[in-house]
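Could you build the full structure based on these sequences and the hints that come with them?
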Amino acid sequence: QQQVKQSPQSLIVQKGGISIINCAYENTAFDYFPWYQQFPGKGPALLIAIRPDVSEKKEGRFTISFNKSAKQFSLHIMDSQPGDSATYFCAASMAGSTLGRLYFGRGTQLTVWP
Amino acid sequence: NAGVTQTPKFQVLKTGQSMTLQCAQDMNHEYMSWYRQDPGMGLRLIHYSVGAGITDQGEVPNGYNVSRSTTEDFPLRLLSAAPSQTSVYFCASSPRTTRGDEQYFGPGTRLTVT
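If you're matching them up, the sequences are chains A and B in order.
Residues 1 to 114 in my numbering are what the first sequence lists, from first letter to last.
Residues 1 to 114 in my numbering are what the second sequence lists, from first letter to last.
Keep in mind that the hints are not guaranteed to be accurate.
Stated by the list, open to error - Derived lysine-lysine pairs resembling DSBU-like cross-links, with alpha carbons at most 30 Å apart:
#, chain 1, residue 1, chain 2, residue 2
1, B, 9, A, 42
2, A, 42, A, 15
3, B, 14, A, 68
4, A, 57, A, 42
5, A, 58, A, 5
6, A, 5, A, 42
The hints are simulated quantities; they were obtained by calculation from the structure and are not laboratory data.
The model shown is predicted, which means the values in this text are computed figures rather than measured ones.
Here it is in structure tokens:
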């Protein structure tokens with residue numbers, strides 16, 4: 001059972017456009033929601049993360065929007081650039097005995113055309 | 001700091017052969033994990049460990065064994081390789097605090113089973 005559902009599977013955006021990737025979860029015990037970025041041939045790396053006590057977090061061109069009541073969160077990439085072309089994974093984790101374990105979405109392959 | 005290191009980078013096995021994928025981290029992280037990445041399936045957790053001497057199964061543990069005798073090392077053993085185990089394998093570690101922590105991924109091992 002997929003704990004975190006991610007969409008779309010792939011996304012093509014023109015340079016300068018806005019890329020939006022959505023994720024949804026069911027387990028209300030999740031309390032940490034990171035996004036990872038992966039370039040071809042590399043391991044994933046943390047891009048940005050949010051905790052549910054805030055509804056938005058912005059770092060440069062990357063913004064996470066979080067809707068606790070809807071159990072959804074999304075990544076917005078403003079002014080998308082060809083260098084942003086990568087696979088993006090949302091994830092969630094919770095405190096407790098499994099602290100540290102991340103539940104990943106299936107990923108979104110983003111292509112930004114110049 | 002070398003971060004998370006994995007060896008080998010590439011490996012070809014014949015069906016039925018066994019091997020160990022090595023993973024080491026020099027950041028004194030409590031949490032370590034192994035993922036496999038297949039097209040369209042995202043990152044699937046194989047096994048994880050919340051500290052030396054403690055391991056647990058993830059989503060897809062069948063055909064794999066792990067042990068954690070030290071904080072630094074977390075090897076993944078394939079007992080009898082099958083073509084279905086052809087994949088890219090990533091090891092990751094994190095400090096496991098209550099704040100929500102970045103997982104640091106290794107560069108991956110690309111395994112082909114013929």
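Status of each hint after checking the structure:
no., hint, verdict
1, B:9 with A:42, "holds, 11 Å"
2, A:42 with A:15, "holds, 23 Å"
3, B:14 with A:68, "violated, 48 Å"
4, A:57 with A:42, "holds, 26 Å"
5, A:58 with A:5, "holds, 22 Å"
6, A:5 with A:42, "holds, 23 Å"
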